[in-house]
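Taken in order, these protein sequences are the chains called A and B.
Just so we're aligned: 1471 in the numbering used here is position 281 of the first sequence, and the numbers increase by one with no gaps anywhere.
Just so we're aligned: 136 in the numbering used here is position 131 of the second sequence, and the numbers increase by one with no gaps anywhere.
Just so you know, the hints here were simulated from the structure itself, not pulled from any lab data.
One or more of the hints may lead you astray.
[To be verified] Below, a list of computed lysine-lysine pairs in the DSS-like style, where the Cα atoms sit at most 30 Å apart:
1. 1298(A) to 1320(A)
2. 1281(A) to 1320(A)
3. 1319(A) to 1298(A)
4. 1326(A) to 24(B)
5. 1281(A) to 1326(A)
6. 1279(A) to 349(B)
7. 1279(A) to 1320(A)
8. 1298(A) to 1279(A)
9. 1319(A) to 1281(A)
10. 1319(A) to 349(B)
11. 1319(A) to 22(B)
12. 1326(A) to 22(B)
13. 1298(A) to 1326(A)
14. 1281(A) to 24(B)
15. 1298(A) to 22(B)
16. 1298(A) to 349(B)
17. 1320(A) to 24(B)
18. 1298(A) to 1281(A)
19. 1281(A) to 349(B)
20. 22(B) to 1279(A)
21. 1320(A) to 349(B)
22. 1279(A) to 1326(A)
23. 1279(A) to 1319(A)
Just so it is clear, the structure is predicted and the values come from calculations on it, not from any experiment.
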Amino acid sequence: MNEAAVRLSGVTKSFGAHTAVSNFDLDIPRGTILGLLGPNGSGKTTMIRMIMAILLPDQGEVELLGGPPDMSRRSRVGYLPEERGVYPKMKVLDQLIFLGELRALPRKQAQRRAMQWLDRLGLSDWAPKKVQDLSKGMQQKVQFIGTVLHDPDLLILDEPFSGLDPINQDILESIIREERDRGKTILFSTHLMEQAERLCERVCLISRAHKVLDGDLREVKRRERSGAAAIEFEGDGGWLDRLGIVNYEIVGDAFHIPMNSRVSHDEILAAAVASGVSVRRFEVLEPRLHEIFVRHAGEEAAEPAMTAMGGAR
Amino acid sequence: MRQVWVVLRREYLERVKTKGFIIGTLAIPLVLIAIMGVNIFIALQVAQSDRELVLVDLTGVMGEEVAERLDQVGYELELAGPEADLEEMDRQVTEEELEGYVVLDNLTMAEGVFAYRSLVPPGRTRIALFEAVVRDVALANYLSTASGAEGLRELIRGGRLEFESPLGVEDQEEAEAARVSGIAIGFGGAMALYITMLLYGAFVLRSVLDEKRNRVVEVVVSSISPWRLLLGKVLGVGSMGLTQMGIWAGCAILLLLVAAPMVAAQIPAADLSELTGFLPGPGVLVLLLVFFLLGYFLYSSLFAAVGAMCATEEEAGQAQLPVIALLVIPFVLQMASIEGTSMKWLDWVALFPFFSPVMMFPRAATGAVPWWMTGLSLVLMAAAIVGTAWLAGRIYRVGILMQGKRPTLKELVRWVREA
């Protein structure tokens, strides 16, 4: 169980003159949640399609569950494509049973599991309805059920949260965590940094076909700390000026102090205490994923959409 | 194999359960019945509609004979003598109390020319009938004075071919009936094969294209090999087709059992046994089924390949043209060879597997080719299916996961090589 669930080595894929994925290496250890992050068009979907052997890489190797991505291994994967694929005219339950049976579940069992999942996602009333009569979000949930129905070892979800309302996003997040707790590996792509920050243990940042960085999220954040700090206190803030710190920023009740090579964290804290204010909170700030991304990929790589959605808060 | 079965069942049930299938399956026999009914109705109406035509006989010798003969073909003409008031009749015609009147006079006696006065010119059939009758009567009248008139009249009519066979007279009639019914069955079968292969082939194309377009196929082929998916799909649509044809055949049998006696009762001249003589025997039906199955497999895999290489219906509409041409060409050749027994070389053309269903079935059904030729064509078709499935399967395998523009021929060759 030590081998990686997914391993890419030196994977490159071009479409004509456009390179979609360039010399990509990635290891996804089993039992982890990995977020594949990057703006639209950065190569996330191409990479996922290569992992699922829908596309073949021009160069490099793809390993899935310890070997080449052949049929037997792919059938142990639950794959949710970015462009949702459902049979629009089929009934919800029939569709799920079909997908289950296709993955070797006995009919009865497929039906039972499908009903359980539909129940859990609040769709049991819709079981006898045609898929095309459901809203986009509901269709997506149906497809997600189709993805997990056969209890796969690896879930590959391409933009699973897009199109879901916050409540359903939460439900999906908790299901993903549950599956991880049951020892499953989850790879999902998103351009929403917030989501990734909440959910991922590991992240892989991709920009313009290139890997920007990957690794354990906390590790990455620690590594990427800028030294900025936040301090919250009751009392007069004049001591900050006396320390020579002027470029602070007030966020809520806290003063955010950017990295400052002249004044150490200890000196800031000591000065605060010495000035007689009562300190409620002092924290070395962790960078947000968005900042890390921008720092590595360059501001121009982060699309406006991502800045707006990922970095607003 | 279970996966193939799962795909087959889905493909079958999802089609059979649709309103389109139910309507399509039932509507076609209903429409046919309706058309037949309307035709019979109109025919009866036309025959029965009293034609208010007057036959004015100024000759005094031709009138009765002409009226009687026209009566035999369904025209009741009121006979009037030289005393008839033509001006009054013109008035009646103008005011549409009378459809028209025919005048036979001395010129009719001499040259067969007669007047037909009416507001609307008569139809072609009426012209031909009236002309024939008048000519005949005038001729008979003219010749009645001469000796040997009968023979002369035959001569005037022109030569007549009388077919003779070394078999007895009854055998000869039977052989003729068998030949005609053979042509009917052969042509009907070729037509049915042509239509069904086109119809169900298009279903397979649609199915492949839809799955590709809504990306379900990406999920599905993560758990089933494209070969099995294609096989299940083709078998599922094929089963649907057999179901549909079974229902149609059932309707036809029902129609014959119920409607044929009714028709026979209406038209005393129609002999029921003559009608049933045109029905195919069980042997021919089995042959038809075998040709359908082989032809369907052959063409459906081609249609599947076309569906897999296209991204939109417009594209598919274009890309399927070569496949449709493969179906149309034998149909045209078959039309050309339907009467001709001289074009023996077409028997060899019929061996070409893609042409065999439409061209070899009618030959086999009518016994126009030796049995070994039929057998050979079946073997060749089976071999062609293997080849086509291999080729189409490879195109399918690559194509269903491709997005974007249709591949060029060069790219197709690469797909086949690489798959």
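To see whether the hints hold, each was checked on the structure:
1. Restraint check for residue 1298(A) and residue 1320(A): the C-alpha separation of about 21 Å stays at or below 30 Å, so the hint holds.
2. Between residue 1281(A) and residue 1320(A), the direct Cα distance comes to roughly 4 Å. Compliance with the 30 Å bound is thereby established for this hinted pair.
3. For the given pair, residue 1319(A) sits about 20 Å from residue 1298(A) by alpha-carbon distance, which is consistent with the 30 Å threshold.
4. Under the criterion of a C-alpha separation no larger than 30 Å, the hint pairing residue 1326(A) with residue 24(B) is consistent with the structure, at around 25 Å.
5. Between residue 1281(A) and residue 1326(A) the alpha-carbon distance is near 15 Å, which keeps this suggested pair within the 30 Å criterion.
6. At most 30 Å may separate the alpha-carbon atoms for a hinted pair to count; residue 1279(A) and residue 349(B) exceed this at roughly 51 Å.
7. The straight-line distance between the Cα atoms of residue 1279(A) and residue 1320(A) is roughly 6 Å, inside the 30 Å bound, and the hint therefore holds.
8. Between residue 1298(A) and residue 1279(A), the direct Cα distance comes to roughly 22 Å. Compliance with the 30 Å bound is thereby established for this hinted pair.
9. Taken as a hint, the residue 1319(A) and residue 1281(A) pair is honoured in the structure, with Cα atoms around 5 Å apart against an allowance of 30 Å.
10. Our distance criterion of 30 Å between C-alpha atoms is broken by residue 1319(A) and residue 349(B), whose separation comes to about 59 Å.
11. Among the hinted pairs, residue 1319(A) with residue 22(B) is consistent with the structure: their alpha-carbon atoms are about 14 Å apart, no more than 30 Å.
12. Taking the CA atoms of residue 1326(A) and residue 22(B), the gap is near 25 Å; set against the 30 Å cutoff, the hint holds.
13. At roughly 28 Å between alpha-carbon atoms, residue 1298(A) and residue 1326(A) fall within 30 Å of each other, so this suggested pair holds.
14. For the given pair, residue 1281(A) sits about 15 Å from residue 24(B) by alpha-carbon distance, which is consistent with the 30 Å threshold.
15. Among the hinted pairs, residue 1298(A) with residue 22(B) is consistent with the structure: their alpha-carbon atoms are about 22 Å apart, no more than 30 Å.
16. For the hint pairing residue 1298(A) with residue 349(B), the CA-to-CA distance comes to about 60 Å; that exceeds 30 Å, so the pair is violated.
17. Of the supplied pair hints, the one linking residue 1320(A) and residue 24(B) holds, its CA atoms being roughly 14 Å apart against a limit of 30 Å.
18. Pair hint residue 1298(A) plus residue 1281(A) holds up; C-alpha atoms about 17 Å apart against a cutoff of 30 Å.
19. Note on residue 1281(A) and residue 349(B): the hinted pairing is violated, with a Cα-Cα distance of about 55 Å set against a maximum of 30 Å.
20. For a cut-off of 30 Å, the pair hint linking residue 22(B) to residue 1279(A) stands: about 11 Å separates their Cα positions.
21. Only pairs whose Cα atoms come within 30 Å are accepted, and residue 1320(A) paired with residue 349(B) is rejected, the gap being roughly 56 Å.
22. For a cut-off of 30 Å, the pair hint linking residue 1279(A) to residue 1326(A) stands: about 14 Å separates their Cα positions.
23. Distance restraint check for residue 1279(A) and residue 1319(A): the Cα-Cα separation of roughly 9 Å lies within the 30 Å cut-off, and the hinted pair is therefore satisfied.
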